[in-house]
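Asks: Following the hints, position chain B against chain A.
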Amino acid sequence: MSEATETKDIYKPTSPNSKLDFASVWEYASAPQDASFAEVKDRYELFINGEFIEPSKGRYFKSLNPATEEEIADIAEATQEDVDNAVKAARKAFEGEWSSISGKERAKYLYRIARMIQERSRELAVLETMDGGKPIRESRDVDIPLVAAHFFYYAGWADKLEYAFPGRTPEPIGVCGQIIPWNFPLLMLAWKIAPALACGNTVVLKPAETTSLTAMKFAEIVRDAGLPAGVINIVTGAGQTGAEIVNHKDIDKIAFTGSTNVGKIIRKAVAGTDKRYTLELGGKGALVIFDDAPIDQAVEGIINAIYFNQGHVCCAGSRLMVQEGVADKVIRKLKDRLETLIVGDPLDKNTDVGAINSQQQYETVNKYLEVGVEEGADIYQSKCSIPEQGFFIRPTLFTNVAQSNRIVQEEIFGPVLTVQTFRTADEAIQKANNTPYGLASGVWTDKGSKIFKMGSSMRSGVVWANTYNKFDPTSPFGGYKESGVGREGGMHGLAAYTKI
Amino acid sequence: MSIPDFNQTIPIDHVGVEERISRLNSRSIKRESKVQALKMALNMMDLTTLEGKDSAGKVIQLCQKAKRPHPPMPDLPTVAAVCVYPSMVSLVKEQVKGTDVKVASVATAFPSGQAPLSVKLDDTRFAVSEGADEIDMVISRGAFLSGEYTKVFDEIAAIKEACGDAHLKVILETGELHTYENVRKASDLAMHAGADFIKTSTGKVSPAATQPVTLVMLEAIRDYYHETGTMIGMKPAGGIRKAKQAIQYLVLVKETLGAAWLNNKYFRFGASSLANDVLMQIVKQQTGVYQSPNYFSVD
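From first to last, the protein sequence lines are chains A and B. Residue numbers are given in our numbering: position 150 of the first sequence equals residue 150, and the series is strictly consecutive. Numbering-wise, our numbering comes out as the position in the second sequence, counting from 1, plus 1000.
Just so you know, not all the hints are guaranteed correct.
[To be verified] In silico DSBU-like cross-links for lysine-lysine, where the CA-CA straight-line distance does not exceed 35 Å:
| hint | chain 1 | residue 1 | chain 2 | residue 2 |
| --- | --- | --- | --- | --- |
| 1 | A | K19 | B | K1034 |
| 2 | A | K329 | B | K1244 |
| 3 | B | K1093 | A | K349 |
Just so you know, the hints here were simulated from the structure itself, not pulled from any lab data. What you are looking at is a predicted structure, and each value in this text was computed from that prediction instead of being measured.
Next up, chain B with everything else stripped away, as it sits in the complex:
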């Protein structure tokens, strides 16, 4: 496999991308396929809290939610991971011990990435040493936008090395890349540099994840898979608040990449408030009526 010339641009027709999205959104997901989708979505979620005011108490509660999303329904799957800042990693590690829930940590001067590589590497090594299973790094958007593709590539490769066994998710921050061509280029660059996952957004920049951007990234993953045989994961993050949106994302995955990606090893949702809407829909599918939001814990 040769590394592509990132000075070349792969053309993307934005009208075509958005038409494809509206066609995929016309899929009607009902009954048992809806229940299955809701449970998959729950199981693919990275429950996230990334605030300056995060406390140990809040993080512990979030971990409880991750392990048992809705205690009245003990058979529900766990979420995929809890995603926090490096300082909270050891706490989460302890809380989720013995479960399927992974510990994910943002690193590399999240969310701006405005720090020297040495600082980013230290940040990453610290999170890994504290017990993170997964590292969510940000790319240097400034370098990318100014055309310093080699610099961005080398940074990702260096962070990947610092991750050791931890999985690396590369956040493109698509809201700052502005064109689908840039999203495609950044996706290709991240995958070739060693990303296990590519991820849309930090959640700190608007717009965060959108369906058209996600489709462009999924198509990049598909082409990379056909070229190399390696499956790369996808994580849209930020702005996905409703169960219906989550199902629409799953439709994109199913019809672009297929069944092999429909699990939390290859697809994640980065979200903080999506879980409760998904839970509410699951309960509604079981009981036939919507419950009050007060019946679901807000963590």
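Just chain A, same shape as in the assembly:
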């Protein structure tokens, strides 16, 4: 067998921590997504009252591609005057045309926006990836399809609100100030805007300062869809712009997705006012694997739970708890699987893990890696090569960790997993719930009764069973404890945008 002998000779393991060699012999050639067709302007203005207008103070900030550290565009910085103009436009639209049209007419606009998003889905996916660093596979297959799905879903509710609240007369709240994060820029915009419009509100939305690009593309879609002026206003800027929205006297409701710290500041700011608010904040989700679980599929679930979108997911499952009998096997399989994650150019169709969203977040995650090592945990990182330019972090897991460790307690918001073991279900529940957060968690077992026991005992808004990070517009989403207030998505999401 000369052929076989030859190939045996060239076989040399390249990953010293794994007995299997996933790197040599056959490598995938780069498969870059064409990005040339996606038009990017040098400068983006504010979208107020149906027009693109320059910021009053004339200040702009730069948006970077985190994978290359190159500048993509200048983004307008909205100051107090601009926010005020946006709120006035939203108020005028709310009291004018928008509140006098029927639910059926509002639905038409939402359907139109949804279809236009679908038509421009490839362009939006490319921009989302360039601006935010997420792999094109995810922006193309997850983010943008879900964005369109959200608009389609809430379009369906617009003329059926009285069926959502039987016996009541749902009314819109008014002008909604919406502040969204950088991890799923366009999807979070959809989560906020679609239900707000379906219920008849008008909005002033601020995207995160590192990811404004797709929001401005969305503004173009809004304009092209012929939505009445002022119904949707988009003001770009950083924390100060957000504060102007939160503290504006003529805003009726604040909807915020972001960190728990900022969420607390917002809650203080709106205390004593008649502003309503919904907050979707941080998380530190537990993944519980029992020894009767389908292990290979559970490992795939863990990969999806923590390395999806570089771990920049508020509902990420970042604490793995594995029953002691299968712990060694699960850790071995996880390490093998880590080696097959392709880290690098987010625009490459084969990339599994892209760039960390910003230098600031890159430094935060790296700080936690140091903290973990100082706390005495064993660090394991995949051996993949990462680009020299750009903010990249190898998928990481920490074993030998304690419940008291900071890396177990604090939200890292990066591709970092901690692994603990447990003996009994009660112990797993206790550890899973021993956190200030309560957004999402996962359970893997072959036994249905165990799923129900865990599902009702784990204090988190979502408990996924034998899967993770599954989203659908029909399903409500939100947190317990410091993970948030209120629910988004599904019929529950309507309640946050209606007076009943």
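Replies: Below, chain B alone, put in the same frame as chain A:
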């Protein structure tokens, strides 16, 4: 190494398996990595003819194809083996003498396996004595499905002994096992009983090879390797007709077992019509245009 209790079932979540497949299928294999994959696939192929009407003439032509898959491109690798019924083994042996092409023979009352063990052993010994390098046996699905795991195990072990130096591929006939749990159990059983390769199908039952079934088997091979240090080969067979499918299978192998399995000692395709599509793709990669199927010999 202890033999597992085959009355215990390893749970497999079919939703998870199929999701993993669709994720692996999203790999985009282009340019030089595609050419390399196509050549690997050609080199991993067991060119197969298993029909009652097989003639010496047909088998000889198939052997020519195996040795020189596409004469206009003399630098292409040979296929891995020619796979025939025992009665054709000596003919193939003579035809492929002096080349890297192996002689594979089905045996053990292929494809049903409905015969006494003594007949299966005779069938195997005959094929080996005629010169087969590799024996593709079928398991007794009836015994397996009725829970007689020891019987199935002992049969495989006996056939392995009868094989002598010949490599043993154990066909699970996954289309008749119905659940991924059964596929996993049959894989574990075959490996512990002495299989050098585990193989999905005879090609006579539908569905034949599928990617989810192959993934479950590759994961069984991976666990066996971690437990014992022994590398077992994998052969999906039947239903793989297109080059694109073949590349998808190679992606499964690469990302489940890694580089050491990416050669014909550890991975084979059992196929009769795949070769020409792979050849057509290789020519397309070289010339930039698709040729007419008439330019490729049909054997």
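Asks: Compare the structure with each hint and give your call.
Replies: Now the hints, each set against the structure:
1. K19(A) with K1034(B): Status holds; Cα separation ~26 Å.
2. K329(A) with K1244(B): holds, 33 Å
3. K1093(B) with K349(A): Given pair K1093(B), K349(A) is violated - Cα atoms ~45 Å apart, limit 35 Å.
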